[in-house]
Amino acid sequence: MTAPSTGRAARLSIDGGFVDVVRYLEGEGWTDGLPVIPPTEALVAETLSHSKRAPDEVLGQMEPLRGTVTVEKVAANAVMAGCEPEYFPVVLASVRAVLQPDFHVGSTACTTGGSAPVIVVNGPVARRLGISGGTACFGGNIKPNATIGRALRLLMRNLGGAKPDGMEKSTQAWPGKIVGCCFAENEARSPWEPLHVERGYAPEASTVTVLAVRGIYPVTEGTQTTGQGVVETVVAAMRYLGTPIFHQMRNRIPVIVALCPEHAQEIARAGFSRRALRELLYTQVRMPVRELIGRVYYGTRAWPDWIDESDPDARVPMVASPDDIWLVVAGGDGRHSAWMPAWGVCRGATEPIEEI
Amino acid sequence: MTWGLHDSVEMEQQGRPAVTVVTEAFETAAQARAAALGLPEHPRVPVPHPLASRRHDELEKMAAGAAALVAAALLKR
Numbered sequence: 001m002t003a004p005s006t007g008r009a010a011r012l013s014i015d016g017g018f019v020d021v022v023r024y025l026e027g028e029g030w031t032d033g034l035p036v037i038p039p040t041e042a043l044v045a046e047t048l049s050h051s052k053r054a055p056d057e058v059l060g061q062m063e064p065l066r067g068t069v070t071v072e073k074v075a076a077n078a079v080m081a082g083c084e085p086e087y088f089p090v091v092l093a094s095v096r097a098v099l100q101p102d103f104h105v106g107s108t109a110c111t112t113g114g115s116a117p118v119i120v121v122n123g124p125v126a127r128r129l130g131i132s133g134g135t136a137c138f139g140g141n142i143k144p145n146a147t148i149g150r151a152l153r154l155l156m157r158n159l160g161g162a163k164p165d166g167m168e169k170s171t172q173a174w175p176g177k178i179v180g181c182c183f184a185e186n187e188a189r190s191p192w193e194p195l196h197v198e199r200g201y202a203p204e205a206s207t208v209t210v211l212a213v214r215g216i217y218p219v220t221e222g223t224q225t226t227g228q229g230v231v232e233t234v235v236a237a238m239r240y241l242g243t244p245i246f247h248q249m250r251n252r253i254p255v256i257v258a259l260c261p262e263h264a265q266e267i268a269r270a271g272f273s274r275r276a277l278r279e280l281l282y283t284q285v286r287m288p289v290r291e292l293i294g295r296v297y298y299g300t301r302a303w304p305d306w307i308d309e310s311d312p313d314a315r316v317p318m319v320a321s322p323d324d325i326w327l328v329v330a331g332g333d334g335r336h337s338a339w340m341p342a343w344g345v346c347r348g349a350t351e352p353i354e355e356i
Numbered sequence: 357m358t359w360g361l362h363d364s365v366e367m368e369q370q371g372r373p374a375v376t377v378v379t380e381a382f383e384t385a386a387q388a389r390a391a392a393l394g395l396p397e398h399p400r401v402p403v404p405h406p407l408a409s410r411r412h413d414e415l416e417k418m419a420a421g422a423a424a425l426v427a428a429a430l431l432k433r
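If you're matching them up, the sequences are chains A and B in order.
Per the numbering used here, residue 1 is the first one in the first sequence, and the count goes up by one each step.
Per the numbering used here, residue 357 is the first one in the second sequence, and the count goes up by one each step.
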């Protein structure tokens, strides 16, 4: 494999038609296997016009192979992923998020654990760009959802070297490795304040909150009609043997709990504020020591001292604090929610979207 | 693998001899990562994969088998 380049993006002249150019890019190892739009200078320039940042501004180095991330290279990958130019501020914010030190993007890219980034979009930008937080928002072939996530993944691949012949070492991975998983919080149907407000931003601000997760673990509850009953099912579903997160508490990694609007509204009607629900999940989503000893990632467990391993009934929480439970409302009609555990050492990050 | 390698490369860059033991499944990735960290010649000793599921006595046997290679890599400089 060749090392990612640094500095100004190279200019190439490729002879042939559209398919020839796409095949050339594939041959160079610059795609994820799906067709891309060739990043011509004109398309990249149009994309760059949606940011005030200079094309040659260096945003950081993409771990693990430390390719230099410039604004121009982000634009080129956004074009390749199929993004409309006006999506660019969201892509840029997502890239800035994974470059935060606490994101540990290099580790998420090359772990055997198969983690991929989830991008939660909050604020008015979602409606303006048509980023869906409704029906099938995790995988409904909705253009901005699919292409914004794919742009981030292409960038991790092309500048970070996270490819299966190199640093990508996932045992199996999940399809989020191709297009990520970008969706908006369904703020219109949420009974609570949105995620970005809880994380310190104004309601009228637009943000991305990005977290590398192991996968999407579904929770169906179609029989219980009270919020209390729904909460009980969510809690039981998250007491799950086989996710390493119970052994990684001291790494301060979060879990996303994505409630569908119907579940969320019933839970709110039962009297739960966001804070109260997060406290309850922190208290109740626990596994007994006897079920975690000698299993999953016990050998490398990162438990705080207050957990008494000599007591087989001592209960180990999934995360270190209620603050590490990130509640979002997402999805359309129906009674299916989900939880998504962060991978290993990824603490995630929120970044404002800079619109012009 | 990545953090172990990162630490070893950093030690070597501080002038202390260091070597990274990696399982064969991670050899290519280790090579690429060492190059990205600026030390493509960082010595690595490959051992059979997998490691995590071995019994303690098997691990000791593997370690004994690799010890001479580790020593050679450390003393080469």
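Since the hints were made in silico from the structure, they are not lab data.
Each hint should be verified, as a subset may be incorrect.
[Said to hold, decoys possible] Chain B is nowhere near these chain A residues, computed Cβ spacing over 12 Å in every case: (1) L12; (2) L43; (3) P64; (4) R66; (5) G160; (6) K163; (7) D165; (8) W174; (9) V345.
[Claimed, not checked] Have a look at the derived ranges for each label pair, beta carbon to beta carbon: (10) A:Y24 with B:A420: 46 to 52 Å; (11) B:A427 with A:A10: 30 to 36 Å; (12) A:E232 with B:T379: 39 to 45 Å; (13) A:E204 with B:Q369: 25 to 31 Å; (14) A:E28 with B:P402: 47 to 53 Å; (15) B:A420 with A:D102: 57 to 63 Å; (16) A:G334 with B:G421: 52 to 58 Å; (17) B:E397 with A:T112: 24 to 30 Å; (18) B:H405 with A:A270: 56 to 62 Å; (19) A:D308 with B:E397: 43 to 49 Å; (20) B:T379 with A:T68: 38 to 44 Å; (21) B:P396 with A:A236: 49 to 55 Å; (22) A:T112 with B:A424: 26 to 32 Å; (23) B:P396 with A:P124: 23 to 29 Å.
Predicted, not measured: the structure shown is a model, and the values here were computed from it.
All residues carry an ideal CB built from backbone N, CA and C; glycine is no exception.
The hints, checked one at a time:
no. : hint                           : result
1   : L12                            : holds, 23 Å
2   : L43                            : holds, 29 Å
3   : P64                            : violated, 6 Å
4   : R66                            : violated, 5 Å
5   : G160                           : violated, 9 Å
6   : K163                           : violated, 10 Å
7   : D165                           : violated, 7 Å
8   : W174                           : holds, 20 Å
9   : V345                           : violated, 9 Å
10  : A:Y24 with B:A420: 46 to 52 Å  : holds, 51 Å
11  : B:A427 with A:A10: 30 to 36 Å  : violated, 44 Å
12  : A:E232 with B:T379: 39 to 45 Å : holds, 43 Å
13  : A:E204 with B:Q369: 25 to 31 Å : violated, 47 Å
14  : A:E28 with B:P402: 47 to 53 Å  : violated, 29 Å
15  : B:A420 with A:D102: 57 to 63 Å : violated, 39 Å
16  : A:G334 with B:G421: 52 to 58 Å : holds, 56 Å
17  : B:E397 with A:T112: 24 to 30 Å : holds, 26 Å
18  : B:H405 with A:A270: 56 to 62 Å : violated, 50 Å
19  : A:D308 with B:E397: 43 to 49 Å : holds, 48 Å
20  : B:T379 with A:T68: 38 to 44 Å  : violated, 30 Å
21  : B:P396 with A:A236: 49 to 55 Å : holds, 51 Å
22  : A:T112 with B:A424: 26 to 32 Å : holds, 29 Å
23  : B:P396 with A:P124: 23 to 29 Å : violated, 48 Å
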